[in-house]
Amino acid sequence: MTTAAEPSSTEEQAEPTTAGSDDQASTQEAGGQRGGRSQFVGSDRRVFLAMLLIPTTIHVLIVWIPTVLSIVLSLTKWNGIQFSDLEWASFENYDQIILGAFQQDFFQAILNNVWLLLFLFFGPTLLGMFLAYLLDKSIRGGRIYQSVFYTPVVLSLAVVGFIWQNIMYDQEFGLATWAFGGGENVAWLGNQEFLFDFGGYGLSKNFLAILVAMAWRHTGYIMVLYLAGLKSVDASLKESASLDGCNEWQTFRHVLFPTLKPINVIVVVITVIEALRAFDIVYVLNTPRNTELLSILTTDNLIGEGADNIGRGSAYATMLFLLCIGFVLWYVTNHYRNQEASV
Amino acid sequence: MTDTAITSTTGAPEKATRLIVTKKKPLRPARVVLHVFLIVMGILWMTPLVMSLYASFRPFSETQADGFLSLPKELNLDNYQDALEQGDFLDKYWNTALILFPSLLLTLFLASMIAFVASRYTWRFNIFFLVLFTAGNLLPQQIMVAPLFQAFRRIPLPDFMSNSGNLNGSNWAIILLHVGFQMGFCTFVLSNYMKLLPKELNEAAMVDGASLWTIYSKVVMPLTRPAMAALATLEFAWIYNDFFWAVIFEQRGDDRPITSALANLGGEFVTDTNVVAAASIFVIIPVMIVYFALQKHFIAGLTLGSTKG
Numbered sequence: 001m002t003t004a005a006e007p008s009s010t011e012e013q014a015e016p017t018t019a020g021s022d023d024q025a026s027t028q029e030a031g032g033q034r035g036g037r038s039q040f041v042g043s044d045r046r047v048f049l050a051m052l053l054i055p056t057t058i059h060v061l062i063v064w065i066p067t068v069l070s071i072v073l074s075l076t077k078w079n080g081i082q083f084s085d086l087e088w089a090s091f092e093n094y095d096q097i098i099l100g101a102f103q104q105d106f107f108q109a110i111l112n113n114v115w116l117l118l119f120l121f122f123g124p125t126l127l128g129m130f131l132a133y134l135l136d137k138s139i140r141g142g143r144i145y146q147s148v149f150y151t152p153v154v155l156s157l158a159v160v161g162f163i164w165q166n167i168m169y170d171q172e173f174g175l176a177t178w179a180f181g182g183g184e185n186v187a188w189l190g191n192q193e194f195l196f197d198f199g200g201y202g203l204s205k206n207f208l209a210i211l212v213a214m215a216w217r218h219t220g221y222i223m224v225l226y227l228a229g230l231k232s233v234d235a236s237l238k239e240s241a242s243l244d245g246c247n248e249w250q251t252f253r254h255v256l257f258p259t260l261k262p263i264n265v266i267v268v269v270i271t272v273i274e275a276l277r278a279f280d281i282v283y284v285l286n287t288p289r290n291t292e293l294l295s296i297l298t299t300d301n302l303i304g305e306g307a308d309n310i311g312r313g314s315a316y317a318t319m320l321f322l323l324c325i326g327f328v329l330w331y332v333t334n335h336y337r338n339q340e341a342s343v
Numbered sequence: 001m002t003d004t005a006i007t008s009t010t011g012a013p014e015k016a017t018r019l020i021v022t023k024k025k026p027l028r029p030a031r032v033v034l035h036v037f038l039i040v041m042g043i044l045w046m047t048p049l050v051m052s053l054y055a056s057f058r059p060f061s062e063t064q065a066d067g068f069l070s071l072p073k074e075l076n077l078d079n080y081q082d083a084l085e086q087g088d089f090l091d092k093y094w095n096t097a098l099i100l101f102p103s104l105l106l107t108l109f110l111a112s113m114i115a116f117v118a119s120r121y122t123w124r125f126n127i128f129f130l131v132l133f134t135a136g137n138l139l140p141q142q143i144m145v146a147p148l149f150q151a152f153r154r155i156p157l158p159d160f161m162s163n164s165g166n167l168n169g170s171n172w173a174i175i176l177l178h179v180g181f182q183m184g185f186c187t188f189v190l191s192n193y194m195k196l197l198p199k200e201l202n203e204a205a206m207v208d209g210a211s212l213w214t215i216y217s218k219v220v221m222p223l224t225r226p227a228m229a230a231l232a233t234l235e236f237a238w239i240y241n242d243f244f245w246a247v248i249f250e251q252r253g254d255d256r257p258i259t260s261a262l263a264n265l266g267g268e269f270v271t272d273t274n275v276v277a278a279a280s281i282f283v284i285i286p287v288m289i290v291y292f293a294l295q296k297h298f299i300a301g302l303t304l305g306s307t308k309g
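From first to last, the protein sequence lines stand for chains A and B.
According to our numbering, the residues represented by the first sequence are 1 to 343, in order.
According to our numbering, the residues represented by the second sequence are 1 to 309, in order.
It cannot be assumed that every hint is accurate.
Straight-line alpha carbon distances no greater than 30 Å define the calculated BS3-like cross-link-like pairs of lysine-lysine that follow [what the hints assert, rightly or not]:
{"no.": "1", "chain 1": "A", "residue 1": "Lys137", "chain 2": "B", "residue 2": "Lys199"}
{"no.": "2", "chain 1": "B", "residue 1": "Lys296", "chain 2": "B", "residue 2": "Lys199"}
{"no.": "3", "chain 1": "B", "residue 1": "Lys218", "chain 2": "B", "residue 2": "Lys296"}
{"no.": "4", "chain 1": "B", "residue 1": "Lys296", "chain 2": "A", "residue 2": "Lys238"}
{"no.": "5", "chain 1": "A", "residue 1": "Lys261", "chain 2": "B", "residue 2": "Lys218"}
{"no.": "6", "chain 1": "A", "residue 1": "Lys261", "chain 2": "A", "residue 2": "Lys238"}
{"no.": "7", "chain 1": "A", "residue 1": "Lys238", "chain 2": "A", "residue 2": "Lys137"}
{"no.": "8", "chain 1": "A", "residue 1": "Lys238", "chain 2": "A", "residue 2": "Lys77"}
{"no.": "9", "chain 1": "B", "residue 1": "Lys296", "chain 2": "A", "residue 2": "Lys137"}
{"no.": "10", "chain 1": "B", "residue 1": "Lys218", "chain 2": "B", "residue 2": "Lys199"}
Covered stretches of chain B, as calculated for chain A (at least 3 residues, CB under 8 Å) [stated by the list, open to error]:
{"no.": "11", "stretch": "36-46"}
{"no.": "12", "stretch": "133-139"}
{"no.": "13", "stretch": "143-150"}
{"no.": "14", "stretch": "180-190"}
{"no.": "15", "stretch": "204-216"}
{"no.": "16", "stretch": "232-245"}
Here are a few chain B residues that sit away from chain A, every Cβ distance over 10 Å (derived from the structure) [what the hints assert, rightly or not]:
{"no.": "17", "residue": "Glu85"}
{"no.": "18", "residue": "Pro102"}
{"no.": "19", "residue": "Asp159"}
In short, the hints are calculated from the structure, not lab data.
Just so it is clear, the structure is predicted and the values come from calculations on it, not from any experiment.
By construction, the Cβ of each residue, glycine as well, lies at the ideal position given by its N, Cα and C atoms.
Chain B with its partners taken away, still in its complex shape (with noise of 0.2 Å):
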């Protein structure tokens, strides 16, 4: 099932382009109006990032002057190097470096190894924990908040690790409390996936007298690259785009990863629309970047999770 999705995501352009070719029709008034109608949804759609974008190299006087929609007498980097001046950019970028990259390997290790017993092997409890993890990550954050919150303050951590002495307002929270619950999701996809991977595999491997941990590592592992690809991508935007766990945890802006210390930012520029539309952007760009890349694999991720009943 899950097989059906992947190949179907990535097999539309094939099949896509090879039906123009087929059919190309001379265009009919129906495909006119179709046009039209996707053109205008599309202009709107594309309205508050391009005029974001817009806004962020013009001054604010001439946005205020003028509106949003005039044309401009002056566009520069002003608003950018303020956003960078004040909201330590690059300082940010480095710090959301130091908890998605550690929360990303972390999370697909420790799920593929679940997925892995939980959906190779046939054992009693192998479906309840299944349930329990997949379940465990459709469940709202706020519900366990306040525990994690409270055991977090009373953690002690080393000062090197810590800027307040405990686990609380540290890397270390946030990595933790994403490994935790993003775990969930891909023990489901990477669990459907290797649902469908031939049972021969693992009596085949087995035969051969490998172990457990080879068969994991040589057999299994290397033919799930296709979902591990889609599932990183997906996880990357999700881990960088988090903003709740991080400003729970994180109650000092100068430590936040970059998403979530744009509230601060929001509070402190509110006068300047400019600024905040410049470090938007600033906040945008890695995960656009890691979108247009790899587009395919992106789209594969979500609808891996989803294509089948």
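If we strip away everything but chain A, and leave its shape as in the complex, we get (with noise of 0.2 Å):
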């Protein structure tokens, strides 16, 4: 458990400790609570290594590797084409980023990425519940509303991203404008024009636009978690607290919700993750680019015409880092603490 907190240092541990721990293992086990004896002799100990080790060695080289040589590259000015062209440049691509030529984008990044968060949670997040609480009411043709809502989360963001972009947000045909251009033709994609402004930094109305398009898709898969949890809500509870004399919103709110309380914690780290991690609906619907979130300034970095300097992607996406691995780690080893607690 206190080895995980040191996620960056992982992949030189993993191997050798692993072959190691097995030893371990199998002394502590033999005089062990569970009553074994030495776990592994012979050909299952081959068999426990190779089962332990090919995927973890494959998920080590995709995903923990690149993320330690993403923080080392990122103080580096490097432009990707021969090693011998790598320089040391310390905090260098830190230093242009947050108080040099790059500041202005990589705060509006930020502050979209924060926009994207409060709306996912004031927005789907909210309708969601509301929608799963209606829907958990047993109502004639609940299957079929619930299928309505979940549909569009099967489909990929990049697909949402060309159908809001053909059909709703379209300048003169779309729906939207159809339904609040007033017979005016207008710009919802593109529109760079700050909806609130404080000194140069604010929400756009291209961004707003794709949020609510985001928005199409979240709700339904938050619905679902909720309708899931609501499922599992013991009906007699709900129906004591009416018979109690609570009002809908007192049982909602005292009885229901509380109960709720492992949905809610893996909506917020879905909320979470997702805000930081959403790329292709942006990626789709930020033309002419402009609308930036961490993630597009990390790959617009990286890859492309504007990435010259490899260590200022890396800078981006080292950030990108640390804004999430506390939380991923809180979370993920508060999730085997309890369950090993209740195991």
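Two chains, each in its own frame: build the complex with the hints.
Written out as structure tokens, the structure is:
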């Protein structure tokens, strides 16, 4: 457990310690609480190691080693062509991003990530929870409504982007223009005008249009999670609350909501992670490029025309990593700790 | 805990119908309001998809003249034919399958192994490994993309395996990325599930002299089938819907699987929204079929990873 708090050094550790840990584990188990004998001998031992090490090697090679290398690269200046071009740059990339030429892009991107997070919480999450509450009331056609709200969830966010771009946000014929344009053309996408503006930073109209399209997909996801949670609440609990004279809001607030705590935790986790990793739909709908998220800044600086310095892209990536790793480890270690305690 | 999630979701329909039967009440005003609200929301929710489908059958000139909401004068499959010709979708489906099925099988197979050794046996670092895999899956992919991109460009592959002569730009790269990344989520779900199987299973099998591999393949895996079905459905959609890995690692649009290939089409057809609508429908069809056929597993999969603290 304590080793888990040190994710960045994992790959070097993972392999050597495993081989050793197996020995220690079996000696520990020999006198063990579970009353076992030495767990693995002979061919079982080799099978155990293979089952452990093959998946771990692939996962660590694809996820953790590149993550550590990103952090290392963020301290360099490199055009990515030859290793001999790589120069040590210390914190120069961070300096340029936070204080220098890229300050505006960076803080606007962070702000957009924050808008996204707030929006997901106050829009799709509340709406999804509300829909789940309504659909839990065993109403006629409940399954149909559920399918309707859930259908967008199975679509790729990229496809969601194309559908909204064409059908909803077309300047002239889009349904959003038809409904709200009052006969005028409306540039829903690409409009960089700020709705709220504080000193050069704000929420652009373009980004708001993207958020609405995202909500279309995210709401159903949240709804399904809460619906599963509500279905598992004992029906007698709901009934006894209404017999006790609680009104709907009181029943929800004081009886149902507290029992949904595990779902609330997972919804918070999903929402934070989604807000940090959102990419596809913004990439599709963000033309001309201007409304950036941290994930988009990272990618633009690593691949394609803007990618003259991989060090800078890696510095964006490292900041993205720092923003989420604490949260991720907190959730994951708690999850497994609770599980150990309850089994 | 995971168990309650599964039984609750799969048990939901029966419970719901039972409640309807026993508690059929006259329609109260509150119920009418509820239904009106849900119907309005439902119509709003279906609008983007239904209108895409509708536009995909109509000539571009007609929707240009009358708008998307007008009554049709002509309905045909021309847009689909255009999309098929320009977008080469039959090839794309094939290419997607070549990436999707190996990724899916390998991910589930490898994840089930690590979940098995880390959740069915207690040893010093088993929790550490579970944390490693689960946390790895929760990181944004953008964090690891630069080193992977630079490494893949430098790993040579023979011509029959890659158009570019190296790992970058080949299907192998995408498969490897999916397997490495998605394994984390599957390990998380499967280990939660396997934890709940009775401890005595392993012990009884060991007393009978079963090897570790036999316990895995003959005792534990058959019992994990519901979780595997749910994960397979969910991962099918996730891998099929992938956009990021393919856009970054397949620079040539022709090589891309179908979801990310739409990105090039969007650019080419930007003048003809109805062809893009038809192309989007092409992309949506397989995942929709899987969703409607396996809805139960799909939803179980989502809640499987979630309904426990």
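Here is how each hint holds up against the structure:
no.: 1; hint: Lys137/A with Lys199/B; verdict: 38 Å, violated
no.: 2; hint: Lys296/B with Lys199/B; verdict: 28 Å, holds
no.: 3; hint: Lys218/B with Lys296/B; verdict: 26 Å, holds
no.: 4; hint: Lys296/B with Lys238/A; verdict: 25 Å, holds
no.: 5; hint: Lys261/A with Lys218/B; verdict: 37 Å, violated
no.: 6; hint: Lys261/A with Lys238/A; verdict: 16 Å, holds
no.: 7; hint: Lys238/A with Lys137/A; verdict: 10 Å, holds
no.: 8; hint: Lys238/A with Lys77/A; verdict: 61 Å, violated
no.: 9; hint: Lys296/B with Lys137/A; verdict: 20 Å, holds
no.: 10; hint: Lys218/B with Lys199/B; verdict: 15 Å, holds
no.: 11; hint: 36-46; verdict: holds (count 6)
no.: 12; hint: 133-139; verdict: holds (count 7)
no.: 13; hint: 143-150; verdict: holds (count 8)
no.: 14; hint: 180-190; verdict: holds (count 5)
no.: 15; hint: 204-216; verdict: holds (count 4)
no.: 16; hint: 232-245; verdict: holds (count 6)
no.: 17; hint: Glu85; verdict: 19 Å, holds
no.: 18; hint: Pro102; verdict: 13 Å, holds
no.: 19; hint: Asp159; verdict: 23 Å, holds
The structure fails hints 1, 5, 8 (numbered hints given earlier, in ascending order).
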